[in-house]
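S.K.: This is what each chain is made of:
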Amino acid sequence: MRFHHGPLSIGALLLPLLMVFPACEQGGGDSGDTDSDAPREEISITAVYTGAEQKAFEAVLDAFMEANPGIEVVYRSAGDELPTVLETAVRGGNPPDLAMLPQPGVVADFAGRGELQSLDFVRKAVVDNLGEYAVQLGTVDGDFYSFLVLTNNGSPIWYNVDLFKQAGVNPPATWEELLEAAETLKASGVSTYSFGGADGWTLSAIFENIYLRTAGPERYDQLAKHEIPWTHPSVKEALRYMGQLFEDPDNIAGGPQGALETDFPTSVTQVFSEPPRAALTIIADFAYGVITDSTSAKPVSDFNVFDFPSIEGSEPAVVGGGDSVVMFTDGEAARALVEYLTTVEAAQTIVTEGPWSSLHTGLDPSVYPDPIRRGTGAGLLEAEIFRFYLADLQPPEFGATVGQGLWKLFQDFLLDPDDVDGIAVKMEKAAAEAFE
Amino acid sequence: MASLSRWRRRPLRRLNKESRLRVLSPAAGKAQGVGANGARGRRSWRAHVVPLSFVAPAALLLAVWLIYPVVYTVVRSFFDRSGAHWIGVDNYIELFTSDFLVTAIKNNALWVVVVPAVVTAFGLILAVLTERISWVAAFRLVVFMPMAISLFTAGVIWRLVYEKAPDRGALNAVIAAGQEAVRPAGELAEAVPSTDSVRELPTGGLALAQNLSRGDVALLGLTQIPESEVPEGAVEATRPNPLATGISGVVWRDFRPGGGVPGMVERGELGLATIAVEIRDERGQIISETTTRADGTFAFDQVPRGSYVVSVAEQNFVRPFEGISWLGPSLITPAIMIAYTWVWTGFALVVIAAGLAVLPRELLEAARLDGASESQVLRHITVPLLAPVLTAVFVTMLINVLKVFDVVLAIAPGSVQDDANVIALAMWRTAFGGKNDFGLASAIAVLLLVLVLPSLFLNMRRFRREL
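Line by line, the protein sequences are chains B and R. For the first sequence, position 283 (counting from the first letter as 1) is numbered 283 according to the numbering used here, and the numbering increases by one without interruption. For the second sequence, position 344 (counting from the first letter as 1) is numbered 344 according to the numbering used here, and the numbering increases by one without interruption.
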């Protein structure tokens, strides 16, 4: 299981090995060519997937190769150190033809240095199938370089069905109902919220969900580009809403300090363990795999999911992330694969074989293999508004670094939710430094 | 092992100067021979080429893997993040001004002050104490065992040990078990009053805010009690009838699915059985005690006239131990130091024990014969004689501690990595932790290098003295 935002692993220490490794593999690949009669064009694609995710992604590539017998696609996993591995490969003059990048910031970085090839040839297909925003997201300085191939839905709330039943509360649809349910859950003898505060991204995703609902998509985009400061009234308003989740220490599993020591997987499993330590957790759809792998909870009867509630009548909105394809080396075979990734067939294989969701509008949610993922997948398709994780659109030292910037400040905010103004000022200071 | 045997050798050398030649390795002998050749002044090309060809492979490897990276890192530290612009000493200015790095430097200083001394002291104490027990080998094996696991793995183990929740963290589980034995948690540990009519007493326990007298009914509604923790045998709560000459009442879980109306005994709400209830007079003296029945009701049959406070006794509310926040910002550095000491004490123990084994017994015995106590022997004989070994352990630990990295990364959760930061971790986080600022990271690396250099020279001088 790969966690989209997961903390940087110790894998960086293995970097020297990884730098050597692709070169070794290259030699093996060439000799393999002689097996087939017709000359097959070979292209390579690099991404983070390993294990089960690698199998699922390779199923997508296999389907492509079946449809295009003249092309051989070689997948190479770079693990969580993908940006560093790609950086090294690019500097060494030997980048893969294609790569799947989870961080828009890295895409922008490569694009800015002229390392990426334009994907204009699929612009229309992307607009038609994934929407205008997908193009906007993949555009750097007016040129279109990448689009989201597989997505996660960062707006579900996972809850313990038994605890909701015991407390007599229903999945809330509005913010007020959520706060009310939290009071009732607490009175029933269980902490309502489980936060994975040790991983700052779990907290920033909650803020992003609130901000998208209270400030709207235009402000969201402005804040993403730092066109409005983090001290803007809209940010403070969203922080005040967020503070309502944090203000009662008794209603947080382990208390605020305990929450800061709880990592993402534990924050999910402790809602469904025996005895449960909290009634719900606000976290992206990839928590599904954590629940099914690490607890004995059964979908629908033991655990279920509802959408992040509407705030003051806001429309259904989803914050999410995902991996975008980029092209380092232009070529017919590479273009064919990029085109294939915009099709509904590819989207179907992605959601049925892998743990991912898709933004593809042609996708019928019923293809998702189980009811829970059908729900989160449909949530993604039905949302009026979709926005990428805001923290991931920031310079990484501000938006995506363990123990620094946004992640750290949201952790501080969890401990002291009354200090809205102070946190906003610190966020603006850190943002200003990062944007220079 | 090579360095280990060197330490063991040192005291030997003092005893028996001739043995020195025998213990010198063949390689060292050859190197001396070559040097002697050159000194004799034979100036044929062979005299230059042969030694060079011996040195060349090592020199080449050193140049590629050590000298070039060091030089490149120093150069890189004067460039900005992109590597394209020369920015002079800006990175070094940031190094000593940003909070992030100043914390790291401070923490590292703390590590240097505390850990090498503690590890050496522990090693010495354990070595001396275990010297004469019969199962010393087994004991030392156990203490040395952490050295067999990688530091990172040790860090992961200690991360689990330090978890806050007593049902997950081993250390807090032990403390919780201790506390449970001394002062067991009450049945209503988490409970709070459901309405304002019940207040918390300053002594612990909950009481009705209003004083009661004969004929009144006390409604003690409590909430936040998990269904699973309602005392066994509970049935639906009932509102008791008033008593003519006494006070009756009910303690119940004032909650039913959906919430219910606080303060009212409703259908579906459970009585809390076997709860200790007491009434006090106006001076706070306990008049009478009783426990609740299955439906939560209780009664004090004969109560003199007057007004009384009805309360649920304090022992019901003793909270279970919630766990010490070892991984919180204030304890994280000491917590990591303990884990690190756990790993390295074995190393210190083995090296010091080896030195101890070859101490001249006659000195120790002479001191004892002269009436020296064991602590005097330790202070005035053992430690001075062991000084070279202790210094070696200390300096080795000093270098280790300066570059401490993996345990910190493994133990400190993301939320406190700033508080637990050390220079090597700061370097890694700056280079690979998202910021990817190789310029600043190089400056941090250079700082680390400069800090390690003195102890390196110290070690080299010791090494040269030995040859």
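Some hints here could point you the wrong way.
Said to hold, decoys possible - Below, a list of computed lysine-lysine pairs in the BS3-like style, where the Cα atoms sit at most 25 Å apart:
1. B/K426 / R/K106
2. B/K165 / B/K298
3. R/K106 / B/K429
4. R/K403 / R/K106
5. B/K236 / B/K429
These are computed hints drawn from the structure, not numbers from a lab.
S.K.: Next, verify each hint and record whether it holds.
M.R.: Here is how each hint holds up against the structure:
1. Note on B/K426 and R/K106: the hinted pairing holds, with a Cα-Cα distance of about 23 Å set against a maximum of 25 Å.
2. With a CA separation close to 15 Å, the supplied pair B/K165 and B/K298 stays within the 25 Å bound.
3. The straight-line distance between the Cα atoms of R/K106 and B/K429 is roughly 24 Å, inside the 25 Å bound, and the hint therefore holds.
4. Annotation: proposed proximity of R/K403 to R/K106 holds, straight-line Cα distance about 14 Å (limit 25 Å).
5. Our distance criterion of 25 Å between C-alpha atoms is met by B/K236 and B/K429, whose separation comes to about 15 Å.
Hint compliance for this structure: every hint is met.
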